[in-house]
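Q: Protein chains in written order, with our numbering: chain A, 1185 to 1497; chain B, 1185 to 1497.
Please note that the accuracy of each hint is not assured.
Identical chains blur together in the list; that is why a pair holds if it fits in one copy or across any two.
[What the hints assert, rightly or not] Cross-link-like lysine-lysine pairs, in silico, DSSO-like; alpha carbons within 30 Å at most:
1) K1188 / K1379
2) K1392 / K1379
3) K1208 / K1379
4) K1446 / K1306
5) K1273 / K1379
6) K1188 / K1446
7) K1273 / K1188
8) K1188 / K1208
9) K1392 / K1446
10) K1353 / K1306
11) K1273 / K1392
12) K1273 / K1306
13) K1446 / K1208
14) K1353 / K1446
15) K1262 / K1379
16) K1386 / K1273
Treat the hints as calculated values from the structure; they're not laboratory data. Here the structure is a predicted model, which means the values were calculated and not measured.
Listed below, chain by chain, are the residues.
2 protein chains.
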Amino acid sequence: MSDKMSVLAVGTVAFDRIETPFGKRDRALGGSAMYITMAARFMCNDVRLVAVAGEDFPEEYIEDMRSRGIDLRGLEIKPDELTFAWGGKYHYDLNNRDTLYTDLNALSSFNPVLPDAYLDSKILCLGNLDPVIQNSVLSQVTNPSIVICDTMNYWIENTPHQLNNILSKVDCLVINDSEARELSGTANLVVAARKIRGMGPKIIVVKKGEHGALLFVEDTIFSVPAYPLEDIQDPTGAGDAFMGGFAGYLSGCADINLDALKSALVYGTAIASFTVEHFGPEGLYNLSMTDIYHRIGAFRNLTSIPEEILNQS
Amino acid sequence: MSDKMSVLAVGTVAFDRIETPFGKRDRALGGSAMYITMAARFMCNDVRLVAVAGEDFPEEYIEDMRSRGIDLRGLEIKPDELTFAWGGKYHYDLNNRDTLYTDLNALSSFNPVLPDAYLDSKILCLGNLDPVIQNSVLSQVTNPSIVICDTMNYWIENTPHQLNNILSKVDCLVINDSEARELSGTANLVVAARKIRGMGPKIIVVKKGEHGALLFVEDTIFSVPAYPLEDIQDPTGAGDAFMGGFAGYLSGCADINLDALKSALVYGTAIASFTVEHFGPEGLYNLSMTDIYHRIGAFRNLTSIPEEILNQS
């Protein structure tokens, strides 16, 4: 038995082709479910993955995840199909990228049926995916403590009704700043977060890439900067690793209150900072809790306002 | 006698034409020296302005500044000349603007000679201006405690030698993120700050607009977010008001150490947040120290990482 809540993540596993100004990788292990679970496992020993792969998915990649404690009973391998594949090329400043291709392959007919052992999952991460699939997974879990959802511009533009349906059922939306603006139809992020709260989720996390993340819950706003790094290799998966770190932290919280959510935001941002220092998921392979704690201490130094600021002579 | 250090700001006074999605103003009081001094005065009762205006500059604008305690002995009024005029139009998200026109007018022949009473100025703000003029002012002040300099892409591109000359003589450079990247020739802001430190200034402040500001000093990085506001009317002057708040806070510090610089960054960001809530300098007119302290408390709530983050069960 675990003393922490279980984390279930549905999303993709993928072959990623990545080009940045600092190098490239082809057929690297990728996908939102992979990044979420590989990040969540640092804080949680019961992390469950739901995804689909094709028959070309290497045993080595399965072992990469299994050896790190990810429960893969929800990974469906479809014979006669190929694994979802994505290619992206980042611009010189790493803030923008062009998608080179998106081959859905096995993902196009994905209709997940959760293993019985997953039905009691407590922290549910609905990674960026067709909202119909997100909805299907949500409907199968019996009594989640918190449902955290990601999405992207494709679903905002092409399946707004299905997206609105899932949004009405989740507790927390994790979303990029540009997508928060698009979803709400407003440029101001404070107004955007309020409008999105009106669609259902009571907790909004806005991811701002190199500028960090904002948490909106009730009347509170909490801000965490991205960790300033000299050497960023590849931003791929940073947003998903953030979600995994966020969920992983919450799995150990007896009460998911405001301080727990703030701390989860810091953990998610810290884990994301390790992800971008290497290509693909490599930054998450040999990380220790000591490394993570050390970086969280660095976050405190980065953001702590001096006590004496209001007591100047 | 003042118990604080004096602040001298050289820069522009101007007629601003401002268009944002929320309104427009024509011939509004503007200019970097105006914004710097109008922001610095909250924390300092000896704030000195150096700028030039034409004969069309209204007595009302002079009174706007004088009534708020700005020392205007360094404001030269050129007969038979017109005041510097600038027009800008902001895009829907307020992060980008087009310059509609820049009429130098009296500024084109500005060659400031400081009043004797200014020569002992302690905190020197070299607002965004021709680096030759910045250098001239710097050379006249006898023994400043700290020299803070701003610049912009125009001087980076058109007068690099003169800019490098002034950079080699200043203590602190306050600069936009895009301009820090341009000046250093690197996309990564941590690397950019280190390269710029190699040009002279030991303290680098990078302004990131709606994403706040970063302080780089020795091996320390300190981050302050912009205050999340629902209602932003006009970003004009926010960067200059930041510099004024930053300098104003330092004027009361017996020792300009790391904590003083961090606190100054928070004050500058707080004052800038009031500036953008109104058009032109209107947000700085009726502000009280109570308002400012209240917002600084809000900044602490916005950024304070919960104490228990490292002690999770």
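Q: Taking the hints in turn, state whether each one holds.
A: Hint check results:
no.: 1; hint: K1188 / K1379; result: neither (33 Å within a copy, 46 Å between copies)
no.: 2; hint: K1392 / K1379; result: both (18 Å within a copy, 25 Å between copies)
no.: 3; hint: K1208 / K1379; result: between (39 Å within a copy, 27 Å between copies)
no.: 4; hint: K1446 / K1306; result: within (19 Å within a copy, 41 Å between copies)
no.: 5; hint: K1273 / K1379; result: between (33 Å within a copy, 27 Å between copies)
no.: 6; hint: K1188 / K1446; result: within (19 Å within a copy, 38 Å between copies)
no.: 7; hint: K1273 / K1188; result: neither (38 Å within a copy, 53 Å between copies)
no.: 8; hint: K1188 / K1208; result: neither (38 Å within a copy, 56 Å between copies)
no.: 9; hint: K1392 / K1446; result: both (16 Å within a copy, 23 Å between copies)
no.: 10; hint: K1353 / K1306; result: within (15 Å within a copy, 59 Å between copies)
no.: 11; hint: K1273 / K1392; result: both (19 Å within a copy, 25 Å between copies)
no.: 12; hint: K1273 / K1306; result: neither (36 Å within a copy, 50 Å between copies)
no.: 13; hint: K1446 / K1208; result: neither (35 Å within a copy, 39 Å between copies)
no.: 14; hint: K1353 / K1446; result: within (22 Å within a copy, 42 Å between copies)
no.: 15; hint: K1262 / K1379; result: neither (40 Å within a copy, 52 Å between copies)
no.: 16; hint: K1386 / K1273; result: neither (35 Å within a copy, 36 Å between copies)
Violation of the numbered hints given earlier is confined to hints 1, 7, 8, 12, 13, 15, 16; the remaining hints are satisfied by the structure.
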